Amino acid sequence: MELALDIANLNVFYGDDCALKDINLQVEEREFLAIIGPNGGGKTTLLKSILGLVTPDSGEIRIFGRSGEAARRSIGYVPQFSRFDRRFPISVEEVVLIGRLAGRSPWFSRFSRQDRQLVDSLLERLEIAELKNRQIGQLSGGQLQRVLIARALAVEPQILILDEPTASVDSASKTRIYDLLKELNQEMTILIVTHDLSAVSSNIDKIACLNQQLFYHGRTELEAGLVEKVYGCPVDLIAHGVPHRVLRGHEEGSL
Amino acid sequence: MIETILKYNFLQNAIMAAVLASIACGVIGVYIMEKKLVMMSGGIAHTAFGGIGLGYFLKIEPIFTALGVSVIAALAVAALKRKAMTDSDLLIGMFWSLGMALGVVFIAMTPGYPPDIASVLFGNILAVSRSDLRLILGLDILVLTTVTAFYQMFKAYIFDEEFASVAGVPVRTLEYLMYVLVAVTVVVMIRVVGIILVIALLTAPPAIAKQFTYDMKKIMALSVLLGIGFCFAGLWVSYTVRLASGASIVMVAVGAYALVSLVRFGLRRRGGTAREA
Ligand SMILES: Nc1ncnc2c1ncn2[C@@H]1O[C@H](COP(=O)(O)OP(=O)(O)OP(=O)(O)O)[C@@H](O)[C@H]1O
Ligand SMILES: [Mg+2]
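Residue numbers (my numbering), protein chains in the order written: chain R, 1 to 255; chain F, 1001 to 1277.
Read the hints as simulated data drawn from the structure, not as lab findings.
Quick caveat, the model's predicted, so the values are computed rather than measured.
A few of these clues could be false.
Derived DMTMM-like pairs: lysine to aspartate or glutamate, alpha-carbon spacing no greater than 25 Å straight-line [what the hints assert, rightly or not]:
1. Lys1035/F with Glu93/R
2. Lys132/R with Glu1162/F
3. Lys1081/F with Glu69/R
4. Lys1083/F with Glu69/R
5. Lys1035/F with Asp85/R
6. Lys1081/F with Asp17/R
7. Lys1217/F with Glu93/R
8. Lys132/R with Asp170/R
9. Lys1218/F with Asp85/R
10. Lys1083/F with Asp17/R
11. Lys1081/F with Asp57/R
12. Lys132/R with Glu1161/F
13. Lys21/R with Glu187/R
14. Lys1036/F with Glu93/R
15. Lys1083/F with Asp57/R
16. Lys1217/F with Glu130/R
17. Lys1210/F with Asp85/R
18. Lys1218/F with Asp115/R
19. Lys1218/F with Glu93/R
20. Lys206/R with Glu187/R
21. Lys132/R with Asp1215/F
22. Lys1036/F with Glu1175/F
23. Lys1083/F with Asp16/R
24. Lys206/R with Glu164/R
25. Lys1210/F with Glu93/R
26. Lys1217/F with Asp85/R
27. Lys1218/F with Glu130/R
28. Lys1217/F with Asp115/R
29. Lys1217/F with Asp120/R
30. Lys1081/F with Asp115/R
31. Lys206/R with Glu183/R
32. Lys1081/F with Asp16/R
33. Lys1210/F with Asp16/R
34. Lys1218/F with Asp120/R
35. Lys1036/F with Glu127/R
36. Lys1036/F with Glu1162/F
Sequences and hints are given; from them, build the entire structure.
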């Protein structure tokens, strides 16, 4: 199978602070990879390097064998924090349509009927069709999150990258979003950053544990309790505030 | 008043200027509001004064040098913002005063009787000439064509620069383009309300329009109409009470904003609907 993503010897610094050190990571096509790690571990930085939003100091990132601007056109991105103004005069439909701009010539871009139909079907799929004409500020956090997922899917990506997409979503919606991701995984490669491994466990093929360096990258057999072995304690603890000790334990090999 | 308008050329010119200037102003005003470029626009307006001074000094039509200088200043701020690790806010502050200082120096160095600076600073819509109108019309066409050509791209860029850049929207180019559009619009407005008063007319119409709709195109259209209305009303006030035209226009615009906001606030209190401010 072709490699969807091939990262070799990646180093990223913010000024003098090293955020990512010598990362090597291969993701196969249609793989479902979960990236876990403590706060400040560099997960978002890794995703942003892939997306070209952060410039690495060294290393190479290849997307389906190619690097650079054009290769990134095949990625859909759901950010961890959206910094946009919630009072911006834009409707849900218009936000999702922005995904259709990917790879367009900037001159006189107009959205076709197919574009709108695709957006309709995505809104349908994410169960937010009735919010289509709402202004973006008049949504709940979870509804907004689904709009952002729809926007990423509107790119028609081959790789979908999600940075903690379920942080503000209730548990029922969470399950539905993960079900949807599983379904989407039939067609596309998925990279997801999450603190919430138990919920994705049935979907994921591999996990990557990131804390400046890549500590573990491999298959998961959750029934064998592998994740817990990696961390030396139940994974849920990662979300509850003792990440450093957990990872140091792993680093020292004191499993 | 109609009779007077028909009789006097300068009044016809003033009305044409009000309409034409409000078009660029209303459209770009929405971008300024949404991209939070109010300080930026103020800075560009004041650097334009340097351009005006340069024009007097070099004996070139000052409005052209103002256009050149403010476009260059806008591009410089955009470029420096990326290169230097400085907040554009700080840069704008320096450009702001530097532009004024250069203007003062150039005018002082110009031999002969000093030009009418007040009309540059505070506008004099009654002194708009045919050639001014032609320039304003040209700039209007430029602004409208650019906005139409890149409408979706601009919207994506202003809304969420990060996602836009991931989707391959040329955000850098759009940023430069937007700054140039702001500079052009400011110059268009100099004749009408002047360098110092321009900010109110760039911000009040979109701020009012946004209270009525969340559709960007409608906000733009409404801003244009409001701008025209404010200019006409200001002209009328200035004509009847014998006040400076620029000041009258600005007072009408800000007064209208205050009024609309108050009325809506009152209605909301009475209606009691929960709606985030
Ligand atoms: N723009 C920035 N400038 C400077 N340092 C940064 C910047 N963004 C992140 N960092 C630093 O880089 C490191 C990694 O940050 P990153 O956001 O990638 O972590 P993360 O794993 O996504 O954390 P979280 O779980 O909190 O989202 C942190 O130490 C952070 O302080
Ligand atoms: Mg993060």
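Kindly indicate which numbered hints from before are broken by the structure, ordering the numbers from low to high.
Violated hints (numbers, rising): 13, 30, 33 and 35; every other hint is consistent with the structure.
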